[in-house]
Amino acid sequence: MSDQLDKSYDIEVIKAQWIGKKTEKTTGRYPVEYDPIRRHCHMVEDTNPLFLDPDAGKNSQYGSVIAPPVMAGYFAGSGPWPQKAKTDALANVPTRGERKINMNIDWEYLIPVRIGDQLSSQRELVDIFEKPIKLDPKAVWLVTETRITNQNDDVVAVGRNTLLTHRTPEQVSADLQK
Amino acid sequence: MTTVQTQLHWEDVKEGDKIPGYTLDLTWTKMVEQVSGSQDFYEVHHDPDFAREAGHEEIFYNTGFTQAALCRLLTDWMGKEGWIQNFSFQMRRMNIPEDHVQVKGVVTGTQVREDGKGAVTVDLWLENDRIGITTPAEATILLPLRES
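Just so you know, the sequences run in chain order U and C.
Taken in order, the first sequence gives residues 11 to 188; the numbers are from my numbering.
Taken in order, the second sequence gives residues 16 to 163; the numbers are from my numbering.
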């Protein structure tokens, strides 16, 4: 972020301009698929047959393999490649630093996500505030709420994410020397 | 490594019960699996120079990995008829390469709700042998009742 923006950064103005803004509802690039679930399970050595075994899924109360609930957001997105044009209305919420860390995540899961489901999501900025951290005395925090729906427009999950944005130590030091 | 597939019922659980945990060793291979499994290519999770330039001690494991690890504890434990209703966690401290991460949990309450479902609240967390608890979390899960 530029020095010019840092000097003029006013959190109250940002709040007034941005809180309540929503992204467009976007649909995931692909339906829910087996292999991303397998890769997800691989990273935490999860062997749960409900997530991995089509026969077990078919014979379960769900009638098919389901995704671990924490994957709802993954399947509602487009993944990192190929990159899509930036249409995210919340991608440019002004912050001082460009470094980001997810801090608090809170999900409510309402219905299962099955193989073949087509998920969509919409996010809303519900809060933005300043709170110092060790790395940056002017860190800016963003709180967003995400609603994930399926192809029937049933709400699958509702999540709230608190994202910390901060500057590098060099940027903080430069700011303090002004 | 588990996975538990015996069915847990609400009547089997009482406050203070420990949830069977498991361990993940954060080798550099596991770091690669983290990126593959989460598809999170933000450099702070795989590029040590980028992470240090941002003021971090090391690269650190990402949100997708963290929530997957916590979720697995619950889904292993609750069996195929359980359901995670609410799940929240706080990324307070970092898990970095070479850490030995343990995923643990404890039951904090049980209740049969007005809708007849058996609810269980739990505290769960990631801890490592370097700095202790890094990621506290809470969840409410629904379990089948034996009598229903």
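For the record, the hints were derived by calculation from the structure and aren't laboratory data.
All C-beta atoms in this analysis are idealised placements derived from N, C-alpha and C, irrespective of residue type, glycine included.
You may find that some hints are simply not true.
For the chain U half of the interface with chain C, some residues (derived, Cβ under 10 Å), not all of them [to be verified]:
| id | residue |
| --- | --- |
| 1 | P104 |
| 2 | D116 |
| 3 | H176 |
| 4 | V182 |
| 5 | A184 |
How the hints compare with the structure:
{"no.": "1", "hint": "P104", "result": "19 Å, violated"}
{"no.": "2", "hint": "D116", "result": "4 Å, holds"}
{"no.": "3", "hint": "H176", "result": "8 Å, holds"}
{"no.": "4", "hint": "V182", "result": "9 Å, holds"}
{"no.": "5", "hint": "A184", "result": "14 Å, violated"}
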